[in-house]
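If you're matching them up, the sequences are chains C and L in order. FYI, in our numbering the residues of the first sequence are 1 to 106. FYI, in our numbering the residues of the second sequence are 1 to 159.
Where hints are given, some of them may not hold.
Stated by the list, open to error - Below, in silico cross-link-like pairs of lysine-lysine (PhoX-like), each with a Cα-Cα straight-line distance of 25 Å or less:
# : chain 1 : residue 1 : chain 2 : residue 2
1 : L       : Lys30     : C       : Lys29
2 : C       : Lys29     : C       : Lys48
3 : L       : Lys100    : L       : Lys48
4 : L       : Lys30     : L       : Lys100
5 : L       : Lys30     : L       : Lys105
6 : L       : Lys105    : L       : Lys48
7 : C       : Lys48     : L       : Lys100
8 : L       : Lys48     : C       : Lys48
9 : L       : Lys48     : C       : Lys29
Worth flagging that the hints you see were computed from the coordinates, not collected in a lab. Predicted, not measured: the structure shown is a model, and the values here were computed from it.
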Amino acid sequence: MIVTNTETISDYTIQETLGLVQGNTVRAKHVGRDIAAGFKNSVGGELKGYIELLTESRREAMPRMLAQAQQLGANAVVNVRFSTSSITSGASELYAYGTAVVVNPA
Amino acid sequence: MLVSISLILFVTVLFGLGFAGRFVEQAHFKRLVDHEQMRGDFLVTQLKTYPGAVPGQRSPTMVCAEVVIASDYLKNFFASWQDFFGGEICSYSRMTDRAKREALKRLIDEARSLGYNAIGNFRIETADIGDRRTKGAEAMSSWIGYATAYHCDTRAVTG
Numbered sequence: 001m002i003v004t005n006t007e008t009i010s011d012y013t014i015q016e017t018l019g020l021v022q023g024n025t026v027r028a029k030h031v032g033r034d035i036a037a038g039f040k041n042s043v044g045g046e047l048k049g050y051i052e053l054l055t056e057s058r059r060e061a062m063p064r065m066l067a068q069a070q071q072l073g074a075n076a077v078v079n080v081r082f083s084t085s086s087i088t089s090g091a092s093e094l095y096a097y098g099t100a101v102v103v104n105p106a
Numbered sequence: 001m002l003v004s005i006s007l008i009l010f011v012t013v014l015f016g017l018g019f020a021g022r023f024v025e026q027a028h029f030k031r032l033v034d035h036e037q038m039r040g041d042f043l044v045t046q047l048k049t050y051p052g053a054v055p056g057q058r059s060p061t062m063v064c065a066e067v068v069i070a071s072d073y074l075k076n077f078f079a080s081w082q083d084f085f086g087g088e089i090c091s092y093s094r095m096t097d098r099a100k101r102e103a104l105k106r107l108i109d110e111a112r113s114l115g116y117n118a119i120g121n122f123r124i125e126t127a128d129i130g131d132r133r134t135k136g137a138e139a140m141s142s143w144i145g146y147a148t149a150y151h152c153d154t155r156a157v158t159g
């Protein structure tokens with residue numbers, strides 16, 4: 001499965017456009033992480049716990065999107081976008097969406 | 001007496017943590033500048049059209065990077081003053097600048113580790129993480145960046 005966030009794929013031609021595929025997830029970090037982030041907030045710098053939260057969210061949302069694409073019989077997803085929202089304190093939503101296509105090498 | 005001691009203690013802690021934060025920030029900026037100078041012929045664009053793509057190579061792939069940077073107490077303290085008078089809050093501008101440049105750095109590192117030498121269609125978006133603590137008390141800057149990594153003949157593009 002080729003995944004890109006461009007509308008075309010270099011060296012490939014899009015043969016069939018199958019439509020929108022999407023995946024989302026809402027994840028929360030346990031309280032310990034939030035407390036650790038609170039301490040880190042006193043001196044500033046990277047909040048590793050929250051970065052992990054976002055990475056985990058992406059690793060969950062992307063396969064959901066790809067599974068949908070697979071079901072449609074696609075071999076690539078183009079023009080992938082991410083969108084996020086904070087649902088409640090300590091939780092974040094990550095939404096990945098793209099267009100499932102069938103591509104052939106040019 | 002007690003009030004003045006606690007005030008001195010408060011100011012000391014505030015500035016102590018603030019200077020620690022400043023030190024961490026400067027070290028981070030130095031790493032970023034070093035990385036930016038070492039970039040060489042790695043091409044970064046936000047074009048959708050694969051400039052200079054080399055045919056017959058491995059197919060392009062998407063790379064992602066997340067970054068969350070927290071502010072420190074001193075920054076918050078100055079920001080609250082600036083908030084009163086209005087105008088640019090420079091310490092927060094620096095914080096978001098740091099976060100975005102770090103995201104780009106990570107994208108480039110990931111693309112490189114996968115064997116690509118260019119990224120196109122670079123996008124960066126804010127990634128809201130709900131803060132469990134009081135809203136606005138502790139600022140942070142969270143971003144998700146993504147791009148498509150591909151093989152590129154850089155000299156053909158940059159001339």
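Hints, one by one, checked against the model:
1. L:Lys30 x C:Lys29: violated, 31 Å
2. C:Lys29 x C:Lys48: Holds, at about 12 Å.
3. L:Lys100 x L:Lys48: Status holds; Cα separation ~20 Å.
4. L:Lys30 x L:Lys100: holds, 15 Å
5. L:Lys30 x L:Lys105: holds, 13 Å
6. L:Lys105 x L:Lys48: Status holds; Cα separation ~20 Å.
7. C:Lys48 x L:Lys100: holds, 15 Å
8. L:Lys48 x C:Lys48: The given pair, whose Cα atoms are some 31 Å apart, is violated under the 25 Å limit.
9. L:Lys48 x C:Lys29: At roughly 35 Å apart (the allowed maximum being 25 Å), C:Lys29 and L:Lys48 break the hint.
In summary, the numbered hints that this structure violates are 1, 8, 9.
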